[in-house]
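**Q** One-letter residues, chain by chain:
There are 4 protein chains.
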Amino acid sequence: MKSPIRVGILGLGRIGKMHTRNLLTMKEFEVVCGADPFLTPETERELLELGVPQCTKDPADIFDDPSIDAVVICSVTETHSDFIIRATKAGKDIFCEKPIDHDVGRIVDALRAVQQAGVILQVGFMHRFDRHHGALQKKIADGTIGDVEVLKITSRDPAPPSMEYIRTSGGIYVDFMIHDFDMARFLTGSEVAEVFATGTSVCDPEIAQNGDVGSGHAVLRFENGAIGILETSRRSSFGHDQRIEALGSKGCVMDDNEYENNVRFFTHDGYHGAKVPYHFPERYKEAYFVELRDFAQAVNQRTAPPVTGFDGLQAVLIAEAAARSAKSGRLEPVERMEI
Amino acid sequence: MKSPIRVGILGLGRIGKMHTRNLLTMKEFEVVCGADPFLTPETERELLELGVPQCTKDPADIFDDPSIDAVVICSVTETHSDFIIRATKAGKDIFCEKPIDHDVGRIVDALRAVQQAGVILQVGFMHRFDRHHGALQKKIADGTIGDVEVLKITSRDPAPPSMEYIRTSGGIYVDFMIHDFDMARFLTGSEVAEVFATGTSVCDPEIAQNGDVGSGHAVLRFENGAIGILETSRRSSFGHDQRIEALGSKGCVMDDNEYENNVRFFTHDGYHGAKVPYHFPERYKEAYFVELRDFAQAVNQRTAPPVTGFDGLQAVLIAEAAARSAKSGRLEPVERMEI
Amino acid sequence: MKSPIRVGILGLGRIGKMHTRNLLTMKEFEVVCGADPFLTPETERELLELGVPQCTKDPADIFDDPSIDAVVICSVTETHSDFIIRATKAGKDIFCEKPIDHDVGRIVDALRAVQQAGVILQVGFMHRFDRHHGALQKKIADGTIGDVEVLKITSRDPAPPSMEYIRTSGGIYVDFMIHDFDMARFLTGSEVAEVFATGTSVCDPEIAQNGDVGSGHAVLRFENGAIGILETSRRSSFGHDQRIEALGSKGCVMDDNEYENNVRFFTHDGYHGAKVPYHFPERYKEAYFVELRDFAQAVNQRTAPPVTGFDGLQAVLIAEAAARSAKSGRLEPVERMEI
Amino acid sequence: MKSPIRVGILGLGRIGKMHTRNLLTMKEFEVVCGADPFLTPETERELLELGVPQCTKDPADIFDDPSIDAVVICSVTETHSDFIIRATKAGKDIFCEKPIDHDVGRIVDALRAVQQAGVILQVGFMHRFDRHHGALQKKIADGTIGDVEVLKITSRDPAPPSMEYIRTSGGIYVDFMIHDFDMARFLTGSEVAEVFATGTSVCDPEIAQNGDVGSGHAVLRFENGAIGILETSRRSSFGHDQRIEALGSKGCVMDDNEYENNVRFFTHDGYHGAKVPYHFPERYKEAYFVELRDFAQAVNQRTAPPVTGFDGLQAVLIAEAAARSAKSGRLEPVERMEI
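Residue numbers (my numbering), protein chains in the order written: chain S, 1360 to 1698; chain A, 1360 to 1698; chain Y, 1360 to 1698; chain B, 1360 to 1698.
Source of the hints: derived by calculation from the structure; they are not laboratory data.
Please read all numbers here as calculations on a predicted model, not as lab measurements.
Be aware that a few hints might be false.
Pairs involving identical chains hold if they fit within one copy or between any two copies, as the list cannot separate such chains.
The list that follows gives simulated cross-link-like pairs (lysine-lysine, PhoX-like), each with its CA atoms no further than 20 Å apart [unchecked claim]: (1) 1634 x 1497; (2) 1376 x 1386; (3) 1644 x 1376; (4) 1634 x 1609; (5) 1634 x 1376; (6) 1609 x 1497; (7) 1416 x 1376; (8) 1609 x 1376.
Just need the whole structure built from these sequences, with the hints factored in.
**A** Structure (structure tokens):
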């Protein structure tokens, strides 16, 4: 077996800690160092106890350590492009959380640096690695449903994040629906030509006061003629609602949510079943492992990762077109960019 | 189209009225007369309003009317055999509610009379005509599941009948489980060789005080080597629970209950679905029509009915063996009788 | 009981015959006459055999017959407004198939005539009377799901109609999605303010050659702030796909399709379940009865029918806005009209 | 945190390796040594690679090592009692695979030794730790379904084991149904008073030639009046079928199988869904972890384990009564034994 990939983790917030915990249990990786400019003594102690040998406030400690093979970027979005470029200069492979950046120009610069350095860059669209979505994707990819005509994605969070998060998120299209834009491309195998988007904050008026919408809806026109219909909400009181449906020429494939168990209780007023997972850490728990396992494989075998920088760029371009459409009230073309 | 079959109805209790209402809407039949020795003015008025032209307290008014083609026997069980014999003497075809009789000797006499007279006799095992059970039966009959190895039937009523009914019912095996004994033969296409049965009245101790059990359970050994497992209860608080499952060499087929609708409501504590039908009149509503339609076809075409007198006899013989087993605590052979 | 409502049927095509068959079995109605300018001897014989006492080529035979209480309009859409007006002049109550008309001006004229004459007009949106959709509607109406935030309707036919039908249908929005526009208003209890619509004919390019699209998709913005997302297709190879979902502040309610039975077969490659109903006559079989029963009640009690002319007008206004949007590529306001 | 429990593994066959792999990933345990008299160089190498520091052919190397806190007994059934007694002498806690022994006398000796030594003994009934069965158990334990009246367990393997295994298994009742006998006690909270059992080998006649049956069926009469109905088979072509149902006075609770995913594909001949897990290692994968985690907790806190030696004894006593019943054809009492 290959020796483990030595990784440094950039950003030790919620998502950074989650990836760290996963990396620590995977034999494919060795966690060398975690960096976060806002590192607190509490976080440092917590990570040490988990088994992270070293924590630092200075990312340079990671970039400058020649023993580190790869970085996992979990810091705030504004820092991603810069960290990617610094990683390419240090010759390190990169796993980067979504979105790559809110600014398309910076994304392009980062991707070009990746290309020139020949390092691996994988973007953290973990929805692709869910076993339900994956089984659905196989039914499309192997031709079972024929040509895809309509793709529908439902994606709802149980409760809105903090208003502080909302204010700096970049908006629902690039922060939240970006997963769905990526899945739309992944599942249809086609690029998106045009987008209509609209939103509302009926689920939480405070979101509107903070300049965003709580529910985002998009109609996509794919280059291959298919239609995508995406519906998302920041507030679905019954849990993390994640369902996909594809209508094809030969039939229709749907996945249902997961349930905590398969027990049903029947009584005089009907039957009662289990909850769906509360939020993405529960629903995509396994997927977060699988994406890292596949990243390890790409790194070890020097092959294209399952989610590329190009994928990361396209999702942002669709999100930008969606944001424009939500303002203009009309179908907007998705910008075409090569890198 | 053939002219309608002119029928007389014997017994105008709950089940007699139900069949009457169905017969009145079917173009295959013309209801001529209803007879019940306990006919009340209220019932008579009710039936006249429904469209029954004549009611009587004397069954002879039906047997002696040469314009009547067929009788539908819905009277108390003790009268069935006698009515069957009187119908054969009058040359009338017969639809008879289950069970044919509690006494095997009288059943045999009645079936011999039917044979000699060459009239049609169909027994009212309406479970066979349910669309779910019927679809399951097709999967068995067409070989989809291979050889049947285990057949399981769940059959539960929402609430016990009156204790007066319990006292004269003949016991759970012949009154209630007889449907399941018939389905077991129908679905496996094999006769039952041996039965083990046991029961309990934990669901309603008053039933025990009236000499019966509230829940009956039976293990059948079929002549072809398959096993049957039947579970019934007089009290299932969530409705009329009717499910069948067959394990075969190539797979397993199951039917679920019906539900009042297919709506599910998802909330923070899980999901909630609709009720199952409350009792047999709701669940087997359509089946009650289908059995009569098939009876009409047998009468018109002079072909064997879908449920014969032999079927009616076998179900009683299994019920008798079950009742013996429940007393002896051991596997009991099912008596073999020819007619 | 009231004496039956004496009805004349205008239009004896597929839908006219279906309503006729239903009316003939309902004790609330007495079918007096059927009229169709293209009446063939075959259709006449067929209807006579079913029990329609008289057929004619001249609708005047119905309008001029003072013994006829009500008309059921099943003729081609262009004739609806005229027939409604003629019925009002004859003082007859009216059940009219959808859409009332393709021309809003003519609809308004017809509705005003109805108002002035004080007759009952019910429009044939039978989706409202489906037991699944109805149970879902109750969950909304009784507050179970809280305020509706998103309403989603999936409505797909198994196969496109003839191209001749397509050419004269008025287009997918007014011919097909009109049911969904009506359901959207019915379920949310709110009017639609704006519509975005788009379509494609990837499911059947011949439809495009005939000036229409095979799949229509619409995003509705309701006056109360909710969002509607409608997705339809003329071709869904697995049957008549009819599902509705409403996300509310307290939870989410969904209905699934019906299935021909509840049997599942489990084998080494997974499980297999039953078909959904092939098309609307199978799925909405019961609903077609219920709408007529409710029409009878409105007629007998002189109360507002469950689907009014105003409802019929609104659905057309939304359809018109959708058709405009499909051309303009932008959100279009729905015209507000009073009658 | 406590320092890990140092364990030795007795028996390195299929189940021994599985537990070893699990123990190696659990921070609660440190695997010190594995022992198997039939240890091959291949197995030794395999275990070393997994991370087991030492392997031996001599169990004494484990019993005599004072640094070892606990043993995990995965050897052939005949050795269990002896190993338990040796472990008690060495003062080691014990996790023992099911069944404790085929001989009740030896079980009693072993359990007395455990009592006297004051060590922890947990028996490996992993079905109790499945999340579906566990959720069902909670519905019973918290009174949701009221008093349990009927408990039904379906337990089927995908394919029979080797005939060599069959010959030495002790028979289907003690080898296979013992899980279900344990679950019956666990779920009802009541002891079993009487058993009727029967079996057949219609699923695989070769099993009969080797002195066993391929399908075992049992009816249990619990001391509290409830009835248990167990149905098992060595061959269920669609996978590891594991379902439980309990009918109580207030309703009915059922668990369904797991499925590999929640995707359904709808086409013209119905819908198709995913497979169930192939066999117990897949279905009870998580449960095997949970039972060890709970064992660690009992060891660390010196509390009663979730499955005691008494539980292990009762299951064997029921199995013995079942085996007697299968021969006698009658209800057999379950022996009462105290330890």
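**Q** Of all the hints numbered above, which does this structure not satisfy? Sort the numbers upward.
**A** Checked against the structure, the hints that fail are numbers 5 and 8, while the rest are satisfied.
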